[in-house]
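Since the structure of chain A is provided, determine the placement of chain B on it from the hints.
2 protein chains.
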Amino acid sequence: MFKFNLEKTEGKARAWIFETEHGNIETPIFMPVGTKATVKWIIKEELDEMGAEIILNNTYHLYLRPWDELIKNFWWLHTFQNYHKPILTDSWGFQVFSLGNIKRPISESSPNINQNLVKITEDGVHFRSIIDGSKHFFSPEKVMDIQSNLGADIIMAFDECAPWDSSEEYAKKAMIRTHNWLERCHKEWEINEKKRQKEWQHKQALFWIIQGWIYDNLRQESAQFVSSLDLPWIAIGGLSVWESKEDMYRSIEVVEKFLPENKPRYLMGVGTPEDLIEWIARGIDMFDCVLPTRIGRHGSAFWTYGNIKIKNEIHKLSDKALDEVCDCKVCKNYSRWYLRHLMMENEILWLRLLSYHNLYFLINLTKKARKAIKEWNFEVMRSDFWKKYKIN
Amino acid sequence: MFKFNLEKTEGKARAWIFETEHGNIETPIFMPVGTKATVKWIIKEELDEMGAEIILNNTYHLYLRPWDELIKNFWWLHTFQNYHKPILTDSWGFQVFSLGNIKRPISESSPNINQNLVKITEDGVHFRSIIDGSKHFFSPEKVMDIQSNLGADIIMAFDECAPWDSSEEYAKKAMIRTHNWLERCHKEWEINEKKRQKEWQHKQALFWIIQGWIYDNLRQESAQFVSSLDLPWIAIGGLSVWESKEDMYRSIEVVEKFLPENKPRYLMGVGTPEDLIEWIARGIDMFDCVLPTRIGRHGSAFWTYGNIKIKNEIHKLSDKALDEVCDCKVCKNYSRWYLRHLMMENEILWLRLLSYHNLYFLINLTKKARKAIKEWNFEVMRSDFWKKYKIN
Numbered sequence: 001m002f003k004f005n006l007e008k009t010e011g012k013a014r015a016w017i018f019e020t021e022h023g024n025i026e027t028p029i030f031m032p033v034g035t036k037a038t039v040k041w042i043i044k045e046e047l048d049e050m051g052a053e054i055i056l057n058n059t060y061h062l063y064l065r066p067w068d069e070l071i072k073n074f075w076w077l078h079t080f081q082n083y084h085k086p087i088l089t090d091s092w093g094f095q096v097f098s099l100g101n102i103k104r105p106i107s108e109s110s111p112n113i114n115q116n117l118v119k120i121t122e123d124g125v126h127f128r129s130i131i132d133g134s135k136h137f138f139s140p141e142k143v144m145d146i147q148s149n150l151g152a153d154i155i156m157a158f159d160e161c162a163p164w165d166s167s168e169e170y171a172k173k174a175m176i177r178t179h180n181w182l183e184r185c186h187k188e189w190e191i192n193e194k195k196r197q198k199e200w201q202h203k204q205a206l207f208w209i210i211q212g213w214i215y216d217n218l219r220q221e222s223a224q225f226v227s228s229l230d231l232p233w234i235a236i237g238g239l240s241v242w243e244s245k246e247d248m249y250r251s252i253e254v255v256e257k258f259l260p261e262n263k264p265r266y267l268m269g270v271g272t273p274e275d276l277i278e279w280i281a282r283g284i285d286m287f288d289c290v291l292p293t294r295i296g297r298h299g300s301a302f303w304t305y306g307n308i309k310i311k312n313e314i315h316k317l318s319d320k321a322l323d324e325v326c327d328c329k330v331c332k333n334y335s336r337w338y339l340r341h342l343m344m345e346n347e348i349l350w351l352r353l354l355s356y357h358n359l360y361f362l363i364n365l366t367k368k369a370r371k372a373i374k375e376w377n378f379e380v381m382r383s384d385f386w387k388k389y390k391i392n
Numbered sequence: 001m002f003k004f005n006l007e008k009t010e011g012k013a014r015a016w017i018f019e020t021e022h023g024n025i026e027t028p029i030f031m032p033v034g035t036k037a038t039v040k041w042i043i044k045e046e047l048d049e050m051g052a053e054i055i056l057n058n059t060y061h062l063y064l065r066p067w068d069e070l071i072k073n074f075w076w077l078h079t080f081q082n083y084h085k086p087i088l089t090d091s092w093g094f095q096v097f098s099l100g101n102i103k104r105p106i107s108e109s110s111p112n113i114n115q116n117l118v119k120i121t122e123d124g125v126h127f128r129s130i131i132d133g134s135k136h137f138f139s140p141e142k143v144m145d146i147q148s149n150l151g152a153d154i155i156m157a158f159d160e161c162a163p164w165d166s167s168e169e170y171a172k173k174a175m176i177r178t179h180n181w182l183e184r185c186h187k188e189w190e191i192n193e194k195k196r197q198k199e200w201q202h203k204q205a206l207f208w209i210i211q212g213w214i215y216d217n218l219r220q221e222s223a224q225f226v227s228s229l230d231l232p233w234i235a236i237g238g239l240s241v242w243e244s245k246e247d248m249y250r251s252i253e254v255v256e257k258f259l260p261e262n263k264p265r266y267l268m269g270v271g272t273p274e275d276l277i278e279w280i281a282r283g284i285d286m287f288d289c290v291l292p293t294r295i296g297r298h299g300s301a302f303w304t305y306g307n308i309k310i311k312n313e314i315h316k317l318s319d320k321a322l323d324e325v326c327d328c329k330v331c332k333n334y335s336r337w338y339l340r341h342l343m344m345e346n347e348i349l350w351l352r353l354l355s356y357h358n359l360y361f362l363i364n365l366t367k368k369a370r371k372a373i374k375e376w377n378f379e380v381m382r383s384d385f386w387k388k389y390k391i392n
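Those sequence lines, one after another, are chains A and B.
Quick note on the working numbering: the first sequence kicks off at 1 and runs consecutively.
Quick note on the working numbering: the second sequence kicks off at 1 and runs consecutively.
Check the hints yourself; a few may be wrong.
Distance condition first, Cα-Cα at most 16 Å in a straight line; then the derived EDC-like pairs of lysine to aspartate or glutamate [unchecked claim]:
1. K316(A) with E69(B)
2. K44(B) with E46(A)
3. K329(A) with E21(B)
4. K388(A) with E278(A)
5. K72(B) with D145(B)
6. K8(A) with E261(A)
7. K311(B) with D323(B)
8. K316(B) with E69(A)
9. K12(B) with E256(B)
10. K371(B) with E7(B)
11. K142(A) with D123(A)
12. K387(B) with E256(B)
13. K367(B) with E278(B)
14. K332(A) with E45(B)
15. K85(B) with D165(B)
16. K44(A) with E45(B)
17. K368(A) with E379(A)
18. K72(A) with D319(B)
19. K329(A) with E45(B)
20. K332(B) with E49(B)
21. K203(A) with D145(A)
22. K72(B) with D319(A)
23. K332(B) with E45(A)
24. K142(B) with E69(B)
25. K44(B) with E45(A)
26. K390(B) with E274(B)
27. K388(A) with E261(A)
28. K329(B) with D48(A)
29. K263(B) with E19(B)
30. K329(B) with E46(A)
31. K263(A) with E7(A)
32. K368(B) with E278(B)
33. K367(B) with E69(B)
34. K329(B) with E45(A)
35. K44(A) with E46(B)
36. K329(A) with E46(B)
37. K368(A) with D319(A)
In short, the hints are calculated from the structure, not lab data.
With the rest of the complex left out, here is chain A:
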């Protein structure tokens, strides 16, 4: 249904073009996150300017408000937020982690920990709304139906991310459940696709998610299972949460040999500039992360030489650009001391400007990687990146 053209590889690094109804996606690509149908403080013209080719929205939040049925009635997410390039909707799995204070039951035998908020069964997940405490139930089928209503180009299967302190036993249970749910998602997706293509002439592609927390054997089992299915895309989920960098890298490296060469790979929730470079080198094609807007909120900016905290006294009199070698409109137009002034005065334009730069930085990094791969120059770019970049 989507066309995938593998244009070039260098080592394990790959450059694809995915053709969708809403335009092409050229990989490697970083996808800005717009949880509630808005990439924070940024409008579509700016997403175009910075070279974004696809954005993410969140099923869970948009189901609760304004409600997927409404969005469907008003011609889906693209019209709702006036973004007419490809959109991907995240399924609900990851939100269990990211929703603030919510702790999940560690295992089904100890469901008392906040059982009111989330309860997982084989059939699906019972939960209460973070908005008004109302009761809801998500099954794999329901999550497929909601995503069908939202109308993104790419949707995600319903998965369970095992919590950070999961035993191998619980992580295995969660993985097997995720596999069962994948199959149920697939069935429901097929039903929806028939209806969708008949009624609305609009296609949706389904992404499959590898789970298994930080247990190598589980990750491998999950990779083998997902890869054995006849499905076009594969995502690696449940990482970049609370695990160590070492665990994260190992958990992805162990599955790599099981992934089919001819399918696009999406590493969910990643990441920093260094993560992007290193995972592109290891054959990942797509990334998403809330970091650009989140660190912007705290006055941090990505920088060719590591990271800048704009509040530092050192920038008070600096008329340099945020990143001297960046050609985004923020770096071309504003000095560090002006940006610092905005932040000190709580003039929230700084949120907008720092987020813009941070998004541009990651998107631009993936674009430069793509160009380098196509010119058989990626390893040079990678080593050049590391000569300058300091993790702090």
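Chain B only, in chain A's frame:
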């Protein structure tokens, strides 16, 4: 020093072109307010898009932080905020009113009311910083020097706005003081201009302010005094604060016959769409107001038919534009229900989008008025405006 060309009049309404070093200002014109060297949430490219030709910055705030001497050292306000069209700096007078909880001493005989914050003498004003309580003193000379450091194209004389409950006696005292200060401002400005033009090849024009609170005889006396001086611009200050609409209109109408025909007129702190239309009809050329961003913050938007509160339930399912006949990028791209969704979810993009529309609305109104005046069509436009517009 600036060239003023009166292009066309229709009745009392006028269309000028003012030539400045940073470009032309075509009147009637609405000037967006960027108190702390930023028009809230908006960047320069957007000010250009919406047709802004001049913006305002505030002397008081920028003196306190980051400090006018610093701004001077980094090539003045234009470079600091990267806005290279004309800039006007407001003097300190109006801030006495707008700074939140600060009540001023009603008269010099009862200085006990918050005397710590503000104390007015013939020589100038003693005050404490709203940031850290530190003591400062502004004389007319000091205010001229600060504005010279800031480097705007147009600066304002230092005036005293009489408080809302001023007796005629006190209002007269404040007016006379303002007149004395005007003369001191003028002397200091002349000294600064000689230095400025020699050292920096950059000119600044000085605006004179009519005061007199809501007392007709004082307003007339002030107008006669200011008009008798050989100065290029005249501002009407101290209104649009707490007085009734009736008092405000009368206080301006009574001075009109004393204003020279051949000088640009600036009505400070005004206003709403209806004020703009009516004051253009009465011969005012320039306006400024914080309303567009302030009402945007509360979810209100200017509308051809009056005013829209986007939070109203009625807009929940509306796929209409904010203003159906507005051609700003917000109205062309987003529905009311999407804007309402952003506001309900506290996604602060709504601040940006509503402020953009509101600024566009007022600027566009003055531009349409200008076009109408040039085509001898302003009275038709004015009556057309009132056929649709409801004050609510």
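Quick rundown of the hints versus the structure:
1. K316(A) with E69(B): 14 Å, holds
2. K44(B) with E46(A): 14 Å, holds
3. K329(A) with E21(B): 25 Å, violated
4. K388(A) with E278(A): 15 Å, holds
5. K72(B) with D145(B): 11 Å, holds
6. K8(A) with E261(A): 12 Å, holds
7. K311(B) with D323(B): Roughly 15 Å between the alpha carbons, so the hint for K311(B) and D323(B) holds.
8. K316(B) with E69(A): 14 Å, holds
9. K12(B) with E256(B): Distance ~10 Å between K12(B) and E256(B) Cα, so the pair holds.
10. K371(B) with E7(B): At roughly 11 Å apart (the allowed maximum being 16 Å), E7(B) and K371(B) satisfy the hint.
11. K142(A) with D123(A): 11 Å, holds
12. K387(B) with E256(B): 27 Å, violated
13. K367(B) with E278(B): Judged against 16 Å, a Cα distance of about 15 Å means the pair holds.
14. K332(A) with E45(B): 13 Å, holds
15. K85(B) with D165(B): Violated: K85(B) and D165(B) sit about 38 Å apart, past 16 Å.
16. K44(A) with E45(B): 15 Å, holds
17. K368(A) with E379(A): Given pair K368(A), E379(A) holds - Cα atoms ~12 Å apart, limit 16 Å.
18. K72(A) with D319(B): At roughly 13 Å apart (the allowed maximum being 16 Å), D319(B) and K72(A) satisfy the hint.
19. K329(A) with E45(B): Since the Cα atoms of K329(A) and E45(B) sit roughly 10 Å apart, the hinted pair holds (cutoff 16 Å).
20. K332(B) with E49(B): The hint holds at about 14 Å.
21. K203(A) with D145(A): 14 Å, holds
22. K72(B) with D319(A): 13 Å, holds
23. K332(B) with E45(A): Holds, at roughly 13 Å.
24. K142(B) with E69(B): 12 Å, holds
25. K44(B) with E45(A): 15 Å, holds
26. K390(B) with E274(B): Holds. K390(B) to E274(B) sits at ~9 Å (cutoff 16 Å).
27. K388(A) with E261(A): Status violated; Cα separation ~32 Å.
28. K329(B) with D48(A): 15 Å, holds
29. K263(B) with E19(B): 14 Å, holds
30. K329(B) with E46(A): The hint holds at about 13 Å.
31. K263(A) with E7(A): 13 Å, holds
32. K368(B) with E278(B): 14 Å, holds
33. K367(B) with E69(B): Status violated; Cα separation ~36 Å.
34. K329(B) with E45(A): 10 Å, holds
35. K44(A) with E46(B): 14 Å, holds
36. K329(A) with E46(B): 13 Å, holds
37. K368(A) with D319(A): 27 Å, violated
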